[in-house]
Amino acid sequence: MIRAIRANFGSPQIAIACAVVLLALFLLTVLAPWIAPHDPIQVNLAHKLSPPSWEYPLGTDHLGRCMLSRLLYGARVSLGFASLIFISSLGIGLLIGTLSGYIGGWMDYVLMRFCEGVMAFPSLVLVLGLVGVFGPGLAQVVLAMVLVQWVYYARMFRGMVISLKERNFIAAARISGSSQWNIIRRHIIPNVLPPIVVMGTLEIGWAIMDIAALSFLGLGIQPPSPEWGSMIHEGKAYIRSNPELMMYPGLLILLIVVMFNLLGEALSERLGVKKRFGKDGELKWYRRSRYWK
Amino acid sequence: MSLLQVENISHTYRSSNRLWRSGSLTTVLSHVSFEIERGQCLGLLGSSGAGKSTLGKVILGLEQPRQGRIIFQGHDLYYADTRAARQLRRDLQVVFQDCYSSVNPRMSAEQIIAEPLNNYEKLTRDEGKRRVGELLEAVGLKADDMRKYPHAFSGGQLQRINIARAIALKPKLIVLDEAVSSLDMVNQTRILSLLSELKATFGLSYLFITHDIKAAHVISDSLAVMDKGQIVEHCRDKSGLADSAHPAVRELFASVLPEHPRDRGLGRESAIKQ
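Chains as they are written, first to last, in numbering that gives the first Met the number 0: chain A, 0 to 292; chain B, 0 to 273.
This is chain B alone, in the form it adopts within the complex (with noise of 0.2 Å):
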């Protein structure tokens, strides 16, 4: 069995009513499924507005979509009743894009990394930060940082915080969504790392959601394209993708720059004013 089954899920947004007539309706997602292993990490790429991530939205229970069944560890998790749905929300973590606005400002690290601990463990003070300092150690900082606040910490550490807080209960999934879009290359390559080294030392599963075709090649196992709503290309082995012949995926295959600027098919003069 699967660790996540999605089925057929569709979903509309309704723009807000007007005075006389009421709102029109967009789809977003259209007979979307697939199927995540255990152990695996699906890359779903798509351009801006393909419905990723109000696809990421709909797995982690945020909306409820109009169509479909999620069904994750073999129960529906919007059909689950309170008690399933809360130890099924437990395994079922998430990285935002925005690092800033993903924790809180007003309060420290040590306090965001604890949340997902108190609201399932008790725990008491001493274990509860000791648990987070070994979370900031896995992440890749340093323990005492678990006193400083939000503003004190660069993009990528933030990010790392988000990560700490989102592996604090050793979930089974975790859906990130757009996780490393917002770093610069040099943090995006130290983040991916560290989050294949997690993958393989708690044995998660990703469903890991972006526009970068690299950064999809290098940490997935699988790949899936969307385009307006739907899954136009999946490939269980990621160096199939190349042979697709979709317009959406050659989209994305021709939006990546080659390493040199010599190759870029600009001129050699104008590579080197640039």
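Okay, chain A solo, but in the shape it has when bound (with noise of 0.2 Å):
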């Protein structure tokens, strides 16, 4: 079967097979207070480490609380949030990447120069610091790596601003008579954009695992809040008696990441990204630069 996946590796199959199921893991989400069969934070010692049963399809943790319904509404926090950091760390890189690759000079230097401090720090270290300034908590997770992540989109729309701006369209919209902020937005903005679909689906999966592992640590969503992270945190203490309670979340992490990695490969191939940006090397740095984050 592992050989099967890699030689359709990308392929569209398989694409739409991963954005089907994460599509139906989104819903549910959504969907969580009407579907999961209990409260999720709700104690129960009469139940507890339960085995699957009717009432409890995945049976019940030491406290006695649904593993179900505690997976369910965890979803909601890493799927959300992971969204919520990609979408605000992109805008931040967005913004300043932009800005800094168009008007250059002294700004350009002072602003990459920073860029690259911290980027020189592993951002699970620089985040872990952070946190621990910030105190623990979710909202402070978020802040956190919203402030560490969006340096590397600065730099990856840096690169593709500077490359874009030597065009000669820019050159001919400025003669036209455009105003530097249409230049930006109408012919900038458009056009560092594609990528952006790939590096999604490849940071949702990342930023997932982070808020796992940083909740695992105890910095993040604080209990009885159900989240992946720390209910693998609090099932370690089983693993020998209950092991499927650090299994469930465990697993699931493991899926969504696999099938987002999935889907963002078959995304680049499908829509030329990686012959059109790869070539150039930004999406390539970009995703290097992330792999050894």
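FYI, nobody ran anything at the bench for these hints, they're computed from the structure. If you're wondering where the values come from, they're calculated on a predicted model, not measured in any experiment. Don't take every hint at face value.
Looking from chain B toward chain A, a few residues come up when the C-beta cut is under 7 Å (computed) [unchecked claim]:
| hint | residue |
| --- | --- |
| 1 | Leu59 |
| 2 | Leu61 |
| 3 | Gln86 |
| 4 | Arg88 |
| 5 | Val93 |
| 6 | Phe95 |
| 7 | Val102 |
| 8 | Asn103 |
| 9 | Arg105 |
| 10 | Ser107 |
| 11 | Pro115 |
| 12 | Tyr119 |
| 13 | Glu120 |
The beta carbon of each residue, even a glycine, is placed where N, CA and C say it ideally should be.
Take the two lone chains and join them into the complex the hints point to.
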């Protein structure tokens, strides 16, 4: 099966399958309050560590809370906040990268030295440090991650803007009397956007893992709110008697991250993003920088 | 009064600063002066690196020269106030050599040609469409083509779109920066005759920058030759250039291939083999 997946890596069938499953998951998270069988934080010590049953389809944890409900509500945190992190850091990165690349000069110099400074550290270490300063909590984690992530986007967009700026159609637009703002809005931004679909799918996968990792360390969302990372943390104590407490959230994280990556791979193949932007190195550089984070 | 007066333009490029020493200066233009009269076409010849394109950029207002003045319709282009500069820009348009990079790949032909119109004229949607259609027909394309995107056009067609954008505002002067050099011979001839036609219809003036002496002969009224950032020969009468003795001019003439392979100085056999 692994061989079959590798052979079809990036094929439309796999991408469609991933997209369908991810969409279904997304729907489930949105509908969690209506379909979850129990309140995810309701403690019921009479039922603690019970095996799967009709009442508790995936059993209960050490405090007798319904696992299925906790997983469903946990997906809201993971998917929702991962998208939030992606969108806000993308927005900040796009703004600063475009201005930096387009205007250039000392502003570009200062901003890019700052970005390089941030990129010199592994991003997870920086996020850990920032969360240490801000204090634990989901909002602080999101803020810290956005503060660290935007530099990667800014660097990438700056590179793309600089190579675009030299193209004749920018000069032609200036000669046609377009204002600087219109040139950025109508000529620069539409030409740097195509890779973001691919980046989005990869980035959300990373963000889900980072949120889970920070929650596992006790820095993210605080108990009793359900979150996959903190569920793994809580299940850790029962790894010998009830390994499924760790396995359910762990497998879900694995599944979702793998599916996002497969989808991203197929999309970049399909949209020709790799051909157009991999060649110039921006997307390639971006992916490598994310890989070594 | 001439339409465009280029007065004593000098320009240098500074290579970027290294870690310990400042960059060196390269002179690209030194003391260039000439004039273009209304309705005339000046062919600016020269080999690569002679400073032709930099001069084009300076005239278009894209790059401020270190020294000298560009007087366009009686106003200094670089020291006019913002309003006047905007009006001057309107009468000064460009067609670049690389037709593919001159158009935004994410805009349709209609959006490309309508861009200057929208910047200077308040047109309603229908009126804008009608104007774009007229312009497309004026450059020999179909009005239906306005919905297509650049990838659906050939090089020659794209260059026609660039020309349509350049003439959209009915400018006084168009800088043709190697505008036909990247096209094949057939398209070159077609575009050149289109340009001559448009010049007669709209009373345009051209600055025709090229390294192709034949193309320059076809379209220009007068010719100038640049070498190493200077104008080394300026003939008001284009046939006068053949008499010039300057080595840069002779080199340009020598680079023109004779019509028939037999006359190209190769043996007959090698010509046949080729």
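Consistency of the hints with the structure:
1. A least Cβ separation of about 6 Å between leucine 59 of chain B and chain A falls short of the 7 Å threshold, and the interface hint therefore holds.
2. Satisfaction of the interface hint for leucine 61 of chain B is found here, the shortest Cβ-Cβ separation to chain A being roughly 6 Å, below the 7 Å cut-off.
3. For glutamine 86 of chain B, the suggested interface contact is broken, since its CB lies about 10 Å from the closest CB of chain A, more than 7 Å.
4. Because the smallest distance between the Cβ of arginine 88 of chain B and any Cβ of chain A comes to about 6 Å, under 7 Å, the interface hint for this residue holds.
5. The beta carbon of valine 93 of chain B is positioned within 7 Å of a beta carbon in chain A (closest approach about 5 Å), and the interface hint is therefore held.
6. Restraint check, phenylalanine 95 of chain B versus chain A: the minimum CB separation of about 4 Å is within 7 Å; hint holds.
7. Checking valine 102 of chain B against chain A by beta carbon gives a least distance of about 6 Å; that is within 7 Å, so the hint holds.
8. Of the supplied interface hints, the one on asparagine 103 of chain B holds, with its beta-carbon coming within about 5 Å of a beta-carbon of chain A, less than 7 Å.
9. With a least beta-carbon distance of about 4 Å to chain A, the hint placing arginine 105 of chain B at the interface is held under the 7 Å criterion.
10. With a least beta-carbon distance of about 12 Å to chain A, the hint placing serine 107 of chain B at the interface is violated under the 7 Å criterion.
11. Because the smallest distance between the Cβ of proline 115 of chain B and any Cβ of chain A comes to about 4 Å, under 7 Å, the interface hint for this residue holds.
12. A cut of 7 Å between beta carbons decides the hint on tyrosine 119 of chain B: the least distance to chain A is about 6 Å, and the hint holds.
13. Violation of the interface hint for glutamate 120 of chain B is found here, the shortest Cβ-Cβ separation to chain A being roughly 10 Å, above the 7 Å cut-off.
Of the numbered hints listed earlier, those contradicted by the structure are 3, 10 and 13.
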